[in-house]
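Number of protein chains: 2
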Amino acid sequence: MDKIRYKMKLAYDGTNFSGFQVQPNKRTVQGEIEKALSKMSKEEFIRIKGAGRTDAGVHARGQIIHFDYPRYIPEDGMLRALNALGPEDIVFLESDIVDHTFHSQYLAKGKMYHYRVDNHSLKDPFTRFYAHHHPFDIDLKRTQKALAFLEGTHDFTSFASAHSDKEDKTRTIYEASVAIDEKTEEWIFTFRGNGFLYNMIRIIMGTILQVADGRRPVEDIKKILEAKDRTTAGPTVEAKGLCMMEVYYDEDAFK
Amino acid sequence: MDKIRYKMKLAYDGTNFSGFQVQPNKRTVQGEIEKALSKMSKEEFIRIKGAGRTDAGVHARGQIIHFDYPRYIPEDGMLRALNALGPEDIVFLESDIVDHTFHSQYLAKGKMYHYRVDNHSLKDPFTRFYAHHHPFDIDLKRTQKALAFLEGTHDFTSFASAHSDKEDKTRTIYEASVAIDEKTEEWIFTFRGNGFLYNMIRIIMGTILQVADGRRPVEDIKKILEAKDRTTAGPTVEAKGLCMMEVYYDEDAFK
Numbered sequence: 001m002d003k004i005r006y007k008m009k010l011a012y013d014g015t016n017f018s019g020f021q022v023q024p025n026k027r028t029v030q031g032e033i034e035k036a037l038s039k040m041s042k043e044e045f046i047r048i049k050g051a052g053r054t055d056a057g058v059h060a061r062g063q064i065i066h067f068d069y070p071r072y073i074p075e076d077g078m079l080r081a082l083n084a085l086g087p088e089d090i091v092f093l094e095s096d097i098v099d100h101t102f103h104s105q106y107l108a109k110g111k112m113y114h115y116r117v118d119n120h121s122l123k124d125p126f127t128r129f130y131a132h133h134h135p136f137d138i139d140l141k142r143t144q145k146a147l148a149f150l151e152g153t154h155d156f157t158s159f160a161s162a163h164s165d166k167e168d169k170t171r172t173i174y175e176a177s178v179a180i181d182e183k184t185e186e187w188i189f190t191f192r193g194n195g196f197l198y199n200m201i202r203i204i205m206g207t208i209l210q211v212a213d214g215r216r217p218v219e220d221i222k223k224i225l226e227a228k229d230r231t232t233a234g235p236t237v238e239a240k241g242l243c244m245m246e247v248y249y250d251e252d253a254f255k
Numbered sequence: 001m002d003k004i005r006y007k008m009k010l011a012y013d014g015t016n017f018s019g020f021q022v023q024p025n026k027r028t029v030q031g032e033i034e035k036a037l038s039k040m041s042k043e044e045f046i047r048i049k050g051a052g053r054t055d056a057g058v059h060a061r062g063q064i065i066h067f068d069y070p071r072y073i074p075e076d077g078m079l080r081a082l083n084a085l086g087p088e089d090i091v092f093l094e095s096d097i098v099d100h101t102f103h104s105q106y107l108a109k110g111k112m113y114h115y116r117v118d119n120h121s122l123k124d125p126f127t128r129f130y131a132h133h134h135p136f137d138i139d140l141k142r143t144q145k146a147l148a149f150l151e152g153t154h155d156f157t158s159f160a161s162a163h164s165d166k167e168d169k170t171r172t173i174y175e176a177s178v179a180i181d182e183k184t185e186e187w188i189f190t191f192r193g194n195g196f197l198y199n200m201i202r203i204i205m206g207t208i209l210q211v212a213d214g215r216r217p218v219e220d221i222k223k224i225l226e227a228k229d230r231t232t233a234g235p236t237v238e239a240k241g242l243c244m245m246e247v248y249y250d251e252d253a254f255k
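If you're matching them up, the sequences are chains B and S in order. Counting in full-length UniProt numbering, the first sequence runs from 1 upward without gaps. Counting in full-length UniProt numbering, the second sequence runs from 1 upward without gaps.
Extracted from the complex, chain B is given alone in its bound form (with noise of 0.2 Å):
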């Protein structure tokens, strides 16, 4: 018979995972949700795909992955399946049954991430997991010049790890934006794009708290992007401010 192909949407908490992707040893979201599937199908092993892998501590809310199962079950039923055998801190919230062709990581034609920024002098217990705590002077207007540099199509090689191994390091970003939440004051940041290279929002952000808090002169942007030099940018801030929100398949959909 043949396998059935479904696409799930899914929110974790990052915290006390080694992020997505299947490691020894340590508790992985792969990993768990594998762990999960096979207490379900009791013949067979079945390997799942993520459309990204977060590091260790990154959250998600809309994470998307795909598996193929060996036998039907409605799609309702695989969300309930799922959310009962799996872990509290993962949540399956939309499960569709697709056809073969689907493809969570190759045919995501973009992403969107929030960073969420604290900057209350005090920190707040309640977010000590899902928000990098700033407590420094920042300015919105800097701010929102330094990010508006990263809109457009560029070379991000200055905003990606060294450890990154994608050849080709011209993504585009569709839209770099800050909004203040009026209840808890958080700055949360928005990327969306077509892509983004390792650790590239997390030393975006690095590079951006340095210019609203004035340590750096808005135009260094620029000029950052224009080095192509990973240490002309600023540090890899905290992992836990920065949640997955979003996959996009539809191309025209998110720009």
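Any given hint might turn out to be false.
Heads up, the list lumps identical chains together, so a pair's fine if it works in one copy or across two of them.
What the hints assert, rightly or not - Here are the computed lysine to aspartate or glutamate pairs in the DMTMM-like style, where the Cα-Cα straight-line distance is at most 25 Å:
#1 222 with 75
#2 123 with 76
#3 26 with 124
#4 123 with 34
#5 123 with 32
#6 141 with 2
#7 169 with 251
#8 42 with 75
#9 123 with 168
#10 141 with 182
#11 35 with 124
Read the hints as simulated data drawn from the structure, not as lab findings.
Got chain B sorted already, so can you dock chain S onto it with the hints?
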């Protein structure tokens, strides 16, 4: 030299504490604060007193404590020192040097608590320690009518734990209300009163939710109050939805 009395406001994530009150071999809020104070003052053990004892899993954004410190430290210095020496899940928000007549517990005239209910059908991994998940249809009008019965001065025997050691179970509730958060769609219940019996809000919530989702008629709340019998009320719901928001020392400020 005279000791200096400090009044401090603090927030804590109750998840990893066995409640506020010190207990042998348990990690408690009081225990951790006294440990931090003893790091500061090598000479002597310093006992702290809290406005209210929160149970295991209960959170706080406005708990008040007081203690006598053997020597003068500026208010700001005390705040910085305790934030530096205390654990990550406790944050000290305000520090005041007060008169020796001040007492965090005995002088408290009232308190305000929130109880958070997540009414979505699916759980949210990010609020799993902070909101009670109640994935059943609940009706706002019914809930508000039920809450209205609780406002005023009543004997709350029916809504007190059988372990409550208070003789007089009459309390005044100035506000029992609910608001739906626009962004998260969480139901945030507010209880403001001159005092709350042991488990009182959690038993009220267990009963209110039975009214809210139609398992009980609205008028039951009135009947349960009149019965003065714990067995007539609903179950004690989870601690994790509860958060101590504010302690009032000014008689007129909160009515």
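Here's how the hints hold up against the structure:
no.: 1; hint: 222 with 75; result: neither (47 Å within a copy, 44 Å between copies)
no.: 2; hint: 123 with 76; result: between (40 Å within a copy, 15 Å between copies)
no.: 3; hint: 26 with 124; result: between (29 Å within a copy, 24 Å between copies)
no.: 4; hint: 123 with 34; result: between (36 Å within a copy, 20 Å between copies)
no.: 5; hint: 123 with 32; result: between (31 Å within a copy, 17 Å between copies)
no.: 6; hint: 141 with 2; result: neither (56 Å within a copy, 51 Å between copies)
no.: 7; hint: 169 with 251; result: within (20 Å within a copy, 64 Å between copies)
no.: 8; hint: 42 with 75; result: within (19 Å within a copy, 62 Å between copies)
no.: 9; hint: 123 with 168; result: neither (39 Å within a copy, 40 Å between copies)
no.: 10; hint: 141 with 182; result: within (17 Å within a copy, 27 Å between copies)
no.: 11; hint: 35 with 124; result: between (34 Å within a copy, 21 Å between copies)
Checked against the numbered hints given earlier, the structure breaks hints 1, 6, 9 and satisfies all the rest.
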